[in-house]
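There are 2 protein chains.
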Amino acid sequence: MNIYSNALAADTHLDVEGLFTEGFGQYDDWIDEMCQQFLHSNDSCDPIPVSELKTLFTDTTMPAQQQSMGQYLDEFQHQILPHCSHLASPTYVGHMTSPLPNFVSQLSRLVMILNQNMMKIESCRGLNFVERQVLAMLHKEVFHLDDAAYLQNVQDANVNFGCFTSGGTVANITAMWVARNQRQAALQASGSRGVIIGSELMHYSFDKAADLLGLDLIRLPFDDQYCLPLPHLKQALSEAQSQDQPVVALVAIAGTTDFGSVDPIAEMAELARAQGAHLHVDGAWGGAMVLCEEGKAMLSDIHLADSVTIDGHKQLMTPIGCGLLLTRDVATLGNIRKEAPYAIRSSSLDQGRFTLEGTRPAMALYLHAAFHLIGKSGYGELLSKSLARAQMLAEMLNETQEFELVHAPKMNLMVYRYLPQGYRGRRLTEQENEFVNTFNVALQKRQRALGNTFVSRTKRVTNLYPQQPLVLFRAVMLNPLTTRTHLQTVIADQLVIAESLEREVRDQDLDLGGMQ
Amino acid sequence: MNIYSNALAADTHLDVEGLFTEGFGQYDDWIDEMCQQFLHSNDSCDPIPVSELKTLFTDTTMPAQQQSMGQYLDEFQHQILPHCSHLASPTYVGHMTSPLPNFVSQLSRLVMILNQNMMKIESCRGLNFVERQVLAMLHKEVFHLDDAAYLQNVQDANVNFGCFTSGGTVANITAMWVARNQRQAALQASGSRGVIIGSELMHYSFDKAADLLGLDLIRLPFDDQYCLPLPHLKQALSEAQSQDQPVVALVAIAGTTDFGSVDPIAEMAELARAQGAHLHVDGAWGGAMVLCEEGKAMLSDIHLADSVTIDGHKQLMTPIGCGLLLTRDVATLGNIRKEAPYAIRSSSLDQGRFTLEGTRPAMALYLHAAFHLIGKSGYGELLSKSLARAQMLAEMLNETQEFELVHAPKMNLMVYRYLPQGYRGRRLTEQENEFVNTFNVALQKRQRALGNTFVSRTKRVTNLYPQQPLVLFRAVMLNPLTTRTHLQTVIADQLVIAESLEREVRDQDLDLGGMQ
Chain Y
1 MNIYSNALAA DTHLDVEGLF TEGFGQYDDW IDEMCQQFLH SNDSCDPIPV
51 SELKTLFTDT TMPAQQQSMG QYLDEFQHQI LPHCSHLASP TYVGHMTSPL
101 PNFVSQLSRL VMILNQNMMK IESCRGLNFV ERQVLAMLHK EVFHLDDAAY
151 LQNVQDANVN FGCFTSGGTV ANITAMWVAR NQRQAALQAS GSRGVIIGSE
201 LMHYSFDKAA DLLGLDLIRL PFDDQYCLPL PHLKQALSEA QSQDQPVVAL
251 VAIAGTTDFG SVDPIAEMAE LARAQGAHLH VDGAWGGAMV LCEEGKAMLS
301 DIHLADSVTI DGHKQLMTPI GCGLLLTRDV ATLGNIRKEA PYAIRSSSLD
351 QGRFTLEGTR PAMALYLHAA FHLIGKSGYG ELLSKSLARA QMLAEMLNET
401 QEFELVHAPK MNLMVYRYLP QGYRGRRLTE QENEFVNTFN VALQKRQRAL
451 GNTFVSRTKR VTNLYPQQPL VLFRAVMLNP LTTRTHLQTV IADQLVIAES
501 LEREVRDQDL DLGGMQ
Chain S
1 MNIYSNALAA DTHLDVEGLF TEGFGQYDDW IDEMCQQFLH SNDSCDPIPV
51 SELKTLFTDT TMPAQQQSMG QYLDEFQHQI LPHCSHLASP TYVGHMTSPL
101 PNFVSQLSRL VMILNQNMMK IESCRGLNFV ERQVLAMLHK EVFHLDDAAY
151 LQNVQDANVN FGCFTSGGTV ANITAMWVAR NQRQAALQAS GSRGVIIGSE
201 LMHYSFDKAA DLLGLDLIRL PFDDQYCLPL PHLKQALSEA QSQDQPVVAL
251 VAIAGTTDFG SVDPIAEMAE LARAQGAHLH VDGAWGGAMV LCEEGKAMLS
301 DIHLADSVTI DGHKQLMTPI GCGLLLTRDV ATLGNIRKEA PYAIRSSSLD
351 QGRFTLEGTR PAMALYLHAA FHLIGKSGYG ELLSKSLARA QMLAEMLNET
401 QEFELVHAPK MNLMVYRYLP QGYRGRRLTE QENEFVNTFN VALQKRQRAL
451 GNTFVSRTKR VTNLYPQQPL VLFRAVMLNP LTTRTHLQTV IADQLVIAES
501 LEREVRDQDL DLGGMQ
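Going down the list, the sequences are from chains Y and S.
First residue of the first sequence? That's 1 in the working numbering, and the numbers climb one at a time after it.
First residue of the second sequence? That's 1 in the working numbering, and the numbers climb one at a time after it.
Calculated from the structure, these hints are not laboratory results.
Heads up, a few of these hints could be off.
To be verified - Sample of chain S residues facing chain Y (criterion: CB under 8 angstroms; computed from the structure):
(1) Gly23
(2) Phe38
(3) Thr60
(4) Gly70
(5) Cys84
(6) Asn102
(7) Ile113
(8) Asn117
(9) Leu356
(10) Gly358
(11) Ala369
(12) Val436
(13) Thr438
(14) Leu510
(15) Leu512
Stated by the list, open to error - From the derived model, a few chain Y residues whose C-beta atoms are all more than 12 angstroms from chain S:
(16) Leu14
(17) Tyr27
(18) Pro221
(19) Pro229
(20) Leu230
(21) Ala269
(22) Leu271
(23) Met298
(24) Glu339
(25) Pro341
(26) Thr489
(27) Asp509
(28) Asp511
To be verified - Calculated lysine to any residue pairs in the SDA-like style (CA-CA distance at most 25 angstroms, straight line):
(29) S/Lys445 x S/Leu512
(30) S/Lys338 x Y/Val461
(31) S/Lys410 x S/Gln421
(32) Y/Lys296 x S/Val16
(33) S/Lys445 x Y/Glu502
(34) Y/Lys54 x S/Leu512
Glycine residues also receive a C-beta, built at the ideal position from the N, C-alpha and C atoms.
So that you can see chain Y by itself, here it is in the shape it has in the complex (with noise of 0.2 angstroms):
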């Protein structure tokens, strides 16, 4: 008898309407115990490989006959549970996903049955202003206006202070929408497309936003610090002039995902708005920094920009889903209004007249439940941890001769590259660059494959190798649960299989080439 046989035992077909009548209390417990059946295991519980997993799921025709909830929590628990991904184990450093608090899953259920459409206030009614409540207190902490303007704007549906999207890449989209909305005289007088600056360590959705707008996408190489540099800035600048081209926007990452470097954007505003651009922040991840004093330190100029992003799914622990887009000015987004008179009317106090999708679900109450629950001051412990977590974790790896860690960590995360005996402690040549690529792809896929621990993989030009891009691991420091011993465990775990493929490459076992 296991946890789920009662379940079972009162299992029943209902007739369709029975769907949406009965309840299925009877199955919370099994529900439950695959949670914590998940909470508990990892990757290397799956018995079958990613690589053939997907001969798993290849019957594509619908069910012709409704399953009882039995029968498909039977099948959910043995043919899907123990293949997902297990984000939420502290020896996972390498996602920016992270795992949530346990209020999360109770509340869902209350989310899910309200089930609300945040794009029209018949469809949400309260909740249209919670929502709007909750945009006002996180810009609050990012634009730090004063209270009169918050007041004054808040509850008033011709402006806003952001809008929720479903992720940090529409939210980026929307802003660069906004900024080629904004400069559409400029544009239409040139002629020209439109040019977006930012460095090379901007997010691919730009690339998204510049193919969708019509734009060029001018990516400058990173300074040493992995900073866009300002000279070559200005030179870019000069140059768009000079070819009348139009600068739609700026783009300052305020920590990029590989190295958690800050864009100089107190400069950077100052030039844009020179040029009549929009200065976009791009704080998916490490916005929400502001949050603690050393974030705010590091953040100290994000009030300077135009728009920011950041994403609740990331260090703001809702789930995914959650993204918003935070502007300075509360009419920015009325460069992008489009109303309907079937259905978001003019005068209504539609928030869907300002976003660029439309029936969204009420991701704010997430956010809400978290701000209320976690607090500013859990806010501010949970990064400060963080960041003391990525600290500790950069002196284990400096104190090893086998890791070498391409810098300080700047936010809670870093990247940093295993070396094979006989390639450390000195210069290595371009070709010796080349092998120890190719081994750490090895030793990330090896130890993805292996399941134990887990560390994402980029690929980078750096200050060491100026000339040439390395294999990185990735180190996020996101889940609160990750102790010292967790990350000395994902360190050892690397370390085993790095010697294992060493003693393969040495006995020919391996041949490294064909795994790149």
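Based on these hints, arrange chain S on the given structure of chain Y.
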């Protein structure tokens, strides 16, 4: 003592890590109570009118300290829950948001714990393949490719049967993006703006798409069946040709949101093909009808489309946030392919290479569950009953002298209006229609404010008075629990309100002019 006294008694302040380690099971009953409270009330239970709700949500300072779960739920229950919109009430027949089958609420706890990110294989593993499988299942119902095509492509990571999006808007935008990129050569050669052509009834997401993509949008007047008229289309095509404007896409609507009409897909597909343009079918509302026999007949040509939008959160009964774009040709989404060597690698299995959005939640799990727990037969039954329910309401309206039905329902929705005494059974002048419009606005607003029943409102030119837009009620038959009695309640509610409005107008207690 109420149900949550125990929970409050056991309420504890946790340290911030405790939020990630402690369960919140002691609050389950309380949350259940809130779910039931919500499901068994309606907007009439909200003591505060929408116009005054904003005064409740003006505090814009993030809470400094953590609240306990008990404190938060107490606030939630009293200060937020009463003000949500009761979309699931069986007498609310104006929304396109359905009540959800009860298994969704239970499953959501698990989905939240998993918190998988569908963008990358590393952060969703097996769910990557489940998502592709679910897309293929729905694709098969729409496009009916042969079994070999499904088997060959379902798990081939370099092609797609489509993609999940946050909603129909992003699906429509993605379709137009694909279409424009396919026409890049023609657009560059001509140097003119490309055009999207469809009927006036196109969703306003196409205005967003046109603005984003730098395209012109041509909205043709509809014919007497509320469909796109082919002669007008042919004329528009030849005008575009004479102006050397490449036609990027034709948009056929499968289930207009006010009339339920379906554009002539087969003829439009042929015309699109002749132009080298993309034929997109916006089936956000009506596309799901392929799952019932009557709907299949209405949509017999939908397989000729190049792409089709369907919203899971409309007639497929998933929570909000579940849009789908299906593409007939598995290579179509290659037109918007984006990669990033540091994140979304070219050789990976990552779905993020082919989506407008980046990080995405596992909404596919809700659709997967619905496909199994409702099944094709269950959907067939639900959809057929909705169509029958629409016929029933139409008959009920036709039996009254007070209501004027604009047309026999083509799908499970319809528009109608109330005719005050003295305005019935005869042709009205323009001025009289203006009065009737104003009256219907007032009627719908008061009905919404009272909150016992709900029908939405639109304003459209119709065949009744082809020169003048009429204010109309829109009734949507989506809720499986809506019975004849509920519909009688809706009608009776409107009649009582109308009668008192007429009396107030007669007694000059009400100035309708101020209510436009």
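Would the hint linking S/Lys338 and Y/Val461 be met if the CA-CA limit is 25 angstroms?
20 angstroms, holds
Verify the interface restraint on S/Ile113: the C-beta must sit less than 8 angstroms from at least one C-beta of chain Y.
Constraint on S/Ile113 satisfied, holds at 5 angstroms.
Hint validation: S/Thr60 versus chain Y, beta carbon distance must be below 8 angstroms. Holds or violated?
Interface hint status for S/Thr60: holds (4 angstroms vs cutoff 8 angstroms).
Can the hint on S/Phe38 be confirmed by a CB-to-CB distance to chain Y that is less than 8 angstroms?
6 angstroms, holds
Classify the label on Y/Leu230 as holds or violated, using whether its beta-carbon is more than 12 angstroms from each beta-carbon of chain S.
24 angstroms, holds
Outside-interface status for Y/Asp511 - nearest CB in chain S farther than 12 angstroms:
18 angstroms, holds
S/Lys445 paired with S/Leu512 [C-alpha distance capped at 25 angstroms]:
12 angstroms, holds
S/Cys84 was flagged as interface toward chain Y. Is the shortest Cβ-Cβ separation under 8 angstroms?
Since chain Y brings a Cβ to about 5 angstroms from S/Cys84, closer than 8 angstroms, the hint holds.
Satisfaction of hint between S/Leu512 and Y/Lys54, Cα-Cα up to 25 angstroms
63 angstroms, violated
Just to be careful: measuring from the Cβ of S/Val436 to every Cβ in chain Y, is the smallest value less than 8 angstroms?
17 angstroms, violated
Would you settle whether the hint for S/Ala369 is holds or violated, based on the nearest Cβ-Cβ distance to chain Y being less than 8 angstroms?
This hint holds: S/Ala369 lies near chain Y, its Cβ roughly 6 angstroms from the closest one there, short of 8 angstroms.
For Y/Met298, which was marked as not at the interface, is the minimum beta-carbon distance to chain S over 12 angstroms?
It holds; Y/Met298 is separated from chain S by about 19 angstroms at its closest Cβ, greater than 12 angstroms.
Checked against the numbered hints above, the structure breaks hints 4, 12, 13, 14, 15, 16, 17, 24, 25, 31, 33 and 34 and satisfies the rest.
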